[in-house]
Amino acid sequence: MKNNEAGVQKDKKEFHFELESRKKAVCEFQAVIYKLLPNSISSDIFAMALHEIIMNAAEHGNQLNPEKEIDIDLKITGEYIAAVVKDQGTGFNWRQKISQNFDIGRDSERGRGIMMTDRGCDSFYYNQKGNKAYLLKKINL
Amino acid sequence: METKTDIIDNNQVMISPVGNIDFSNSQQLKDELLELFEQDYKKVVIDFSEVESIDSSGLGKLLLFHKRLKEKDGTLIIRNVKSDYIKNMFEMIHLNKVIEIED
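From first to last, the protein sequence lines are chains A and B. 1 is the number of the first residue of the first sequence in the numbering used here; add one for each residue after it. 1 is the number of the first residue of the second sequence in the numbering used here; add one for each residue after it.
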């Protein structure tokens with residue numbers, strides 16, 4: 001994992017990460033994000049949402065192929081946290097996934113991450129193809 | 001993830017995972033829960049006092065187990081959630097409407 005901090009303003013920090021598509025790397029990255037985010041409930045929810053999207057990128061996008069990377073851009077300001085997560089996969093029909101009714105008790109073992117992210121973020125969408133996600137959450141400190 | 005299993009009686013068992021329940025180890029939890037399922041316990045308590053975080057992959061396993069247990073007239077109870085992260089997440093997704101959550 002490479003990390004280039006490019007923060008310029010005092011209250012604005014920008015980070016870039018390249019993550020291997022391995023389950024362990026994805027889970028360990030949560031601790032990295034946690035250390036960067038301000039301490040608040042919004043941060044917790046954002047961290048949860050970001051983890052869900054990175055997990056999807058690794059598993060469904062990059063098919064857990066360790067040679068394929070996930071690119072993550074993270075921006076933290078005094079007002080919001082935003083991330084862009086890009087995988088090397090073929091994308092998916094994200095609009096259909098997001099438009100499903102949020103029902104946590106639905107039968108399937110899978111498929112809650114996208115809906116949880118949509119619920120937890122103030123803004124959440126993908127590019128047309130569905131391999132680049134944009135997440136934003138306002139911070140209430 | 002480490003888990004401890006306490007058999008309370010013929011009908012009840014408590015399982016206590018430690019650390020994070022996530023994408024990297026949720027399959028292990030699923031296997032352990034299915035083993036309890038096959039042993040026909042009617043009441044399964046998951047002690048969350050030492051769980052620090054859980055993601056949708058972990059939740060998926062719990063919800064699947066809850067459903068299968070319910071089909072056999074059993075109950076799954078989540079007890080002792082200490083982590084604020086987990087409390088916030090459960091609240092956000094209204095997990096208490098599906099699975100019984102006790103203090």
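It is possible that some hints are incorrect.
[What the hints assert, rightly or not] In silico lysine-lysine, BS3-like type, Cα no more than 27 Å apart, as pairs: (1) A:K24 - B:K97; (2) B:K72 - A:K23; (3) A:K97 - B:K82; (4) B:K67 - A:K97; (5) A:K35 - B:K97; (6) A:K13 - A:K138; (7) A:K24 - B:K87; (8) B:K97 - B:K72; (9) B:K97 - B:K43; (10) B:K43 - A:K138; (11) B:K30 - B:K70; (12) B:K97 - B:K70; (13) A:K75 - B:K87; (14) B:K72 - B:K43; (15) A:K35 - B:K87.
Hints are computed from structural coordinates only; laboratory data are not their basis. Only a predicted model underlies this, so the values are computations on that prediction, with no experimental measurement involved.
| said: What's the verdict on K97 of chain B and K70 of chain B, does the C-alpha distance respect the 27 Å limit or exceed it? | reply: 14 Å, holds
| task | Would you mind confirming whether the straight-line C-alpha gap from K72 of chain B to K43 of chain B stays at or under 27 Å? | result | 11 Å, holds
| query | Given the proposed pairing of K24 of chain A with K97 of chain B, does the C-alpha separation stay at or below 27 Å? | reply | 31 Å, violated
| query | Is K97 of chain A close enough to K82 of chain B, meaning Cα to Cα at most 27 Å? | reply | Answer violated: K97 of chain A to K82 of chain B is near 32 Å, above 27 Å.
| query | Would the pair K35 of chain A and K87 of chain B pass a check requiring their Cα atoms to be no farther apart than 27 Å? | reply | 20 Å, holds
| said: Checking one constraint from the list: CA of K30 of chain B to CA of K70 of chain B, max 27 Å. Satisfied? | reply: 16 Å, holds
| field | Restraint status (C-alpha distance of K97 of chain B to K72 of chain B at most 27 Å) | value | Roughly 19 Å separates the two Cα atoms, so the pair holds.
| request: Measure nothing beyond the straight line between the CA atoms of K75 of chain A and K87 of chain B; if it is 27 Å or shorter, mark the hint as holding. | output: Holds. K75 of chain A to K87 of chain B sits at ~26 Å (cutoff 27 Å).
| Given hint K138 of chain A paired with K43 of chain B - CA-CA distance at most 27 Å | 41 Å, violated
| said: K24 of chain A and K87 of chain B were given as a pair; does the straight-line alpha-carbon distance stay at or below 27 Å? | reply: Holds, at about 24 Å.
| message | Checking one constraint from the list: CA of K97 of chain B to CA of K43 of chain B, max 27 Å. Satisfied? | response | 18 Å, holds
| query | Can the restraint linking K13 of chain A and K138 of chain A be considered satisfied, given a maximum Cα separation of 27 Å? | reply | Holds. K13 of chain A to K138 of chain A sits at ~15 Å (cutoff 27 Å).
When the structure is compared with the earlier hints, violations turn up for hints 1, 2, 3, 5 and 10 and for no others.
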